[in-house]
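*Asks:* Construct the entire structure; sequences and hints are all you get.
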Amino acid sequence: MERGTVTGIIGPNGAGKSTLLRTVFGFLRPRRGRILLDGGEIQGLAPHAVKRRGVGYVTQGANIFPQLTVEENLHLGAWILKRERRRVGELLERAWTAFPHLAARRRARATTLSGGEAKMLSLAKEAMTEPALLLVDEPSAGLAPRITDQIYVRLLEARDRGVTILLVDQNIAKAVEVSDYLYLIERGRVRREGPRETFASEMRAIIRDSLLGA
Amino acid sequence: MTFARRLGWTVCGGVAVAWLPWVSSEYHTHVLIVSLYYVILAIGWNLLAGYAGQFSLAHHTFAGIGAYTSALLVLHTGVPIVVGIAAGVVLAAALGYVLGTLCLRMRAIYLALATWAFAESVRLLIQVEYQFTRGDLGLRTPLLFGTPRPMAYFYLFLALALAVALAVRQLVGSRIGTYLRAIRDDEEAAAVMGVDTFKWKRAAFVISAALAAVAGGFLGHYIGLLSPTPMKFNEMAMIIIMVVVGGLRTFPGPIVGAVFIEILSEQLRAWGEIRMVLFALLVLVVVRAYPAGLVGLGRAALRLKQASRGVARVLRDR
Chain A
1 MERGTVTGII
11 GPNGAGKSTL
21 LRTVFGFLRP
31 RRGRILLDGG
41 EIQGLAPHAV
51 KRRGVGYVTQ
61 GANIFPQLTV
71 EENLHLGAWI
81 LKRERRRVGE
91 LLERAWTAFP
101 HLAARRRARA
111 TTLSGGEAKM
121 LSLAKEAMTE
131 PALLLVDEPS
141 AGLAPRITDQ
151 IYVRLLEARD
161 RGVTILLVDQ
171 NIAKAVEVSD
181 YLYLIERGRV
191 RREGPRETFA
201 SEMRAIIRDS
211 LLGA
Chain B
1001 MTFARRLGWT
1011 VCGGVAVAWL
1021 PWVSSEYHTH
1031 VLIVSLYYVI
1041 LAIGWNLLAG
1051 YAGQFSLAHH
1061 TFAGIGAYTS
1071 ALLVLHTGVP
1081 IVVGIAAGVV
1091 LAAALGYVLG
1101 TLCLRMRAIY
1111 LALATWAFAE
1121 SVRLLIQVEY
1131 QFTRGDLGLR
1141 TPLLFGTPRP
1151 MAYFYLFLAL
1161 ALAVALAVRQ
1171 LVGSRIGTYL
1181 RAIRDDEEAA
1191 AVMGVDTFKW
1201 KRAAFVISAA
1211 LAAVAGGFLG
1221 HYIGLLSPTP
1231 MKFNEMAMII
1241 IMVVVGGLRT
1251 FPGPIVGAVF
1261 IEILSEQLRA
1271 WGEIRMVLFA
1281 LLVLVVVRAY
1291 PAGLVGLGRA
1301 ALRLKQASRG
1311 VARVLRDR
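Line by line, the protein sequences give chains A and B. Going left to right, the first sequence walks through residues 1 to 214 as the numbering used here numbers them. Going left to right, the second sequence walks through residues 1001 to 1318 as the numbering used here numbers them.
Be a bit skeptical, because a hint or two may be false.
[Stated by the list, open to error] Not everything, but these chain A residues come out facing chain B in the computed CB check (under 10 Å):
#1 Phe27
#2 Arg31
#3 Gly56
#4 Asn63
#5 Gln67
#6 Leu68
#7 Thr69
[To be verified] A few chain A positions that, by computed beta-carbon distances, are all more than 12 Å from chain B:
#8 Thr7
#9 Ile64
#10 Ser140
#11 Arg146
#12 Thr148
#13 Glu177
Derived by calculation from the structure, the hints in this document are not laboratory data. All figures in this text were calculated on a predicted structure; none of them were measured in a lab. Think of the CB as a built atom: it goes at the ideal place given N, C-alpha and C, for glycine as much as any other residue.
*Replies:* Spelled out as structure tokens, the structure:
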């Protein structure tokens, strides 16, 4: 993956898309092969160690703490910055500017947020550590199209700031639209890969393949 | 709340019950000592199961390990009792570390099964190695204060229970407490946050094992006779019952529950094993109807009282 680009992973259910992200983040160990981050091997590292190397992970669903407030969740997002109080304060201010919806509800418990707001919080929380690589799993799952669009806008903004994004998505049209380079995987193997332009022109065939799993 | 205030409350709590042995019979003082012993066990188990969400079934075993280690060391090598107890605590913590390393990657039910298997193995080992441990014959241990009279032991256990309560309260209010609760609520989200979940789960396991060994070690040198019987699963069940009835995940829960159940258990001594059935029913009722336990009930009553006072004020002012 090139720095500051979006790489999309698409494929049918059970293809191993989420498994790929979980392996990169260290929840799973690869049976073979290497995972390189800035030239250093990270396979076999525990999740907390991967996090400290500058990787963020927006999991499927919302990995937020429902009983805590929006602001507390963001503080937890910045957990590994422990002692850098001032930096956390700045990052928090930045999050409020970037996500005005959340700023309006900073003292609300996360459980009272709508699905879209929860997803935004999840994104904002990962942004608190300014990751160099962001893993994003199905950002559009279960959300209204209008909200989905906003989330993709956020991801592209992050990319423009230089964040590298690895995106897993069932929403093929959207994935092709925002990714610079894509992989179609099936049963754990890469079936097709290429830059967006190639994928866009082959969309029909891809969607058919992906749906029928042929 | 700061440490100084918590310390103040702890001392107040101690003073509030310090007069009890002067007005109670030795038998009742003994019951209080055993209650305090269970308070320490219940606080430790609540730290592990309630705060960190790791449902271990070997807590009573660590108390037994503390007691047997100390007794055997003192009997065979003649070290002072305090050294024996310290050795028991170190051994329990070390075994907790090893057991934690082996088991804590397992999820809920597997962790419970693995710790249960460990507990039974240790108990059987002590039972079978009777040439060394005297097994079911019972192992006589020297008494800490040289006398079986309970007065002095009451103050010892009161001080221990208060110290443990203060230390654990301090712990759950710290960053580490936040780590533990995050792991309990959503281990994956905690890991995504950057918490080394395995390390902290194991730390909670080691701390709770060490606390259990402190309680077990001292109790052994008060009772003066060890046997593998209190290492049976019944004992673990009692600890769970105490914490659940008092209020799992609340800080005062295990304290209230341990004292309540131990005293109730003594009151109903004539009922024998039927008590366990009664307690089991009690647990079912609490879990089904009011998971926050006695402490939650108390807090709700307090809120209700404040609310009704508020309503009364509003009505009066009209």
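*Asks:* Taking each numbered hint in turn, which are not upheld by the structure, reported in ascending numerical order?
*Replies:* 2, 7, 9
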